[in-house]
Amino acid sequence: MAQIEDAKAEKATPMDRLWAGGDEMRQTGDLELVVDVAGFEGPLDLLLHLARNQKVDLARISIQALAEQYLAFVEQVRAMRLELAADYLVMAAWLAFLKSKLLIPKQPGEEGESGEELAAILQFRLRRLEAMRDAAARLVNRNRLGRDVFQRGAPEMVIVEKRNEYSATLYDLLTAYASQRQRQAVTNVEIAKRNVWSLKQARDLLTRLVGSLDDWTELDRFLIEYLTKPEERRAALASSFAATLEMVREGYLEMRQHEAFAPLYLRGRQRDNKPVGAAQ
Amino acid sequence: MKDHASIIPFRTERAIEADALNQNPAERLHLAEAVRMAEAIVFASAEPVSEKQLADRLPAGVDIAAAMADLQQIYARRGVNLVRVGDDWAFRTAGDLAFLMSRETVQQKKLSRAALEVLAIIAYHQPVTRAEIEDIRGVETSRGTLDTLMETEWVRMRGRRHTPGRPVTYGTTGRFLDHFSLEEIRDLPGLDELKGAGLLSARMPANFSVPLPPADPDELTEEEDPLTDIDLEELGLLTPRITDD
Amino acid sequence: MKDHASIIPFRTERAIEADALNQNPAERLHLAEAVRMAEAIVFASAEPVSEKQLADRLPAGVDIAAAMADLQQIYARRGVNLVRVGDDWAFRTAGDLAFLMSRETVQQKKLSRAALEVLAIIAYHQPVTRAEIEDIRGVETSRGTLDTLMETEWVRMRGRRHTPGRPVTYGTTGRFLDHFSLEEIRDLPGLDELKGAGLLSARMPANFSVPLPPADPDELTEEEDPLTDIDLEELGLLTPRITDD
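Line by line, the protein sequences are chains A, B and C.
If you count the first sequence from 1, position 235 lands on 267 in this note's numbering, and the numbers rise without skipping.
If you count the second sequence from 1, position 89 lands on 100 in this note's numbering, and the numbers rise without skipping.
If you count the third sequence from 1, position 245 lands on 256 in this note's numbering, and the numbers rise without skipping.
The following block holds chain A by itself, in its conformation from the complex (with noise of 0.2 Å):
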């Protein structure tokens, strides 16, 4: 029936329902009332509706009178065997008892509410449902933005440029300092080795000074003005001389040494010379 499938349009389109469809008159002959449920939103709209139909002020209304056209509403959708929604038969029982109520005086000690007092809470709600009906009504035909109103259409754009601040204390820095620092001289042993010559670099710089070399030469002679330190130059010798005995080796250099200890003499082969290690 019609107003399932409105329900169900609703959910689906929530949007397409237009709010202006409520200016619409809605018919109120007996037939058409009955094929407009559906526009209806509930009982209460109905029944305000109907009050409506009475052409007086809510406030003067008859309670009454509005039970009964409610009542002979239901009646008429219920002989045309059309159903009708839980809550509008749940609003009829209930007016048929605020009628009876209206009939019969409340009899002292009687609990309840009187027929009037409920006569008038039913008033209240349909008095309410319309001025929250005039309301959005107002509220809609307002200047409203973006259709009578607007706001600035080339806003500028502020830019936002991120910027990081840092901190730190000179404690933090001294310490980061002094830690990094007293990590590395603990572990220092690096520094040590770092003076040792590798039996290449030892090699690279022999070959650069050596080669061209005709006469016997003392080998500390060519180590000492390099090296200030002490530490530095005994551990050049034992590289220059492992680097002088491998370019012995392959016949590059000549060496000779007189007896133990005393000083090693070296100079470039000599080209008539077989490459041999002579001085073994």
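There could be a bad hint or two in this list.
Okay, the calculated beta carbon distance ranges per label pair [stated by the list, open to error]:
#, chain 1, residue 1, chain 2, residue 2, range
1, C, Ser220, A, Tyr203, 45 to 55 Å
2, A, Ala274, C, Pro222, 33 to 43 Å
3, A, Glu197, B, Arg154, 39 to 49 Å
4, C, Glu115, B, Arg214, 51 to 61 Å
5, A, Val88, B, Ala80, 40 to 50 Å
6, C, Glu58, A, Ala118, 55 to 65 Å
7, C, Arg68, B, Lys206, 55 to 65 Å
8, A, Val122, B, Arg214, 11 to 21 Å
9, C, Ala217, A, Arg281, 17 to 27 Å
10, B, Gln84, A, Val122, 55 to 65 Å
11, A, Arg281, C, Ser153, 23 to 33 Å
12, C, Met161, A, Arg281, 46 to 56 Å
13, A, Ala274, C, Gly209, 22 to 32 Å
Read the hints as simulated data drawn from the structure, not as lab findings.
These figures come from a predicted structure and were not determined experimentally.
Backbone N, C-alpha and C define an ideal beta-carbon position, used for all residues, glycine too.
Assemble chains B and C onto chain A, guided by the hints.
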């Protein structure tokens, strides 16, 4: 040719003179510059700008409220007005030029009658729970209706009521105010009258004007017979229940 | 509700009087109204508005050029100005307030342990190259760490060392002194003071030393060359000049 331009000041000389009586010139200049800055900031933004945002960007010690009051007065009769939206400020085209502007209208989403009614109830009754909305309308509110309203960003969940079940309460947003050209909720049309009439209460107030009872409510009309308890029972009306055929 | 009939005039009485000398009041009111309309239209438009577009929407017979000249004059000294964009009109923030349109957000950050170490080494050992820093620390220094330190503006590139490869030398800045409340770089505590403060062990190797930074850290040492524009380009700190012949 264009000399007439110079004689359309934003404010009358007289107004500035009057101000000068109350403030020393340096202070006055300081405020005038702050007004220019606030003007630039709010003008640049499509969205309302809060006083807090203004305070963050204007020189320290500026009386924001005074600056904005000045600016509002300056723009009061221009084609663009400075409007207050809750605690925020925005420039909007003047309301009386709506006839001119409406051709710019982009097709707006239209709210269903139900949604509009719910919106009005939330606006006038806030904070209000869903059950209270349903009580006022006498019908269930579909989930979709509230969702639609939340989507427009005119309605928000405010909190929960201190009652059993702790129901969520709904209220309106700054966007709602902005959209309907309201400075604050108290500016809702007819709010005071509705409140005075007791129509914004959840329950019928004690002083609510009760319909005039018949001259003698105890007396039945000629067309009536008194009902007995047995009648009522037969009619099934003593305990209202749903009768289905 | 939308009573457009009663558009409020925004000109002062005096202005209208003055104008009456040149124009008849009705004509003048007509133009003033057109100015308000143009103001609202330009304000609400997403794009600059052409005079043709304005002519299409303003009442027939309005002198658009005069109206816009009026409007431009009105906004001339405000926080927002009416400006010509090509042949069109638009509102823009006044040039002298452009600074309001950009905002800095500052994020507080702590320096990493590695960054602190590198910073301290630069402070004590300046002028120092990256390779030397790595030597002292015994680990490689990530590019990011130096970048971060440059971002703090506590560290700067000083020059280039006279050694093969011409490595860049680093040193501290005036901001560094400010931040750490040092009057001069030589106020950094020396070996004995560090030991006294318990930051260094009393039993450090005999050859352990803490260098004394140069008296004037701004002055280049003999081993340093100043940075040239070409150096800065190489370091990616200057965008290469496009030489066109």
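Against the structure, the hints:
no. : hint                              : in the structure
1   : Ser220/C <-> Tyr203/A: 45 to 55 Å : 22 Å, violated
2   : Ala274/A <-> Pro222/C: 33 to 43 Å : 36 Å, holds
3   : Glu197/A <-> Arg154/B: 39 to 49 Å : 48 Å, holds
4   : Glu115/C <-> Arg214/B: 51 to 61 Å : 55 Å, holds
5   : Val88/A <-> Ala80/B: 40 to 50 Å   : 48 Å, holds
6   : Glu58/C <-> Ala118/A: 55 to 65 Å  : 56 Å, holds
7   : Arg68/C <-> Lys206/B: 55 to 65 Å  : 42 Å, violated
8   : Val122/A <-> Arg214/B: 11 to 21 Å : 20 Å, holds
9   : Ala217/C <-> Arg281/A: 17 to 27 Å : 41 Å, violated
10  : Gln84/B <-> Val122/A: 55 to 65 Å  : 57 Å, holds
11  : Arg281/A <-> Ser153/C: 23 to 33 Å : 45 Å, violated
12  : Met161/C <-> Arg281/A: 46 to 56 Å : 53 Å, holds
13  : Ala274/A <-> Gly209/C: 22 to 32 Å : 46 Å, violated
Checked against the numbered hints given earlier, the structure breaks hints 1, 7, 9, 11, 13 and satisfies all the rest.
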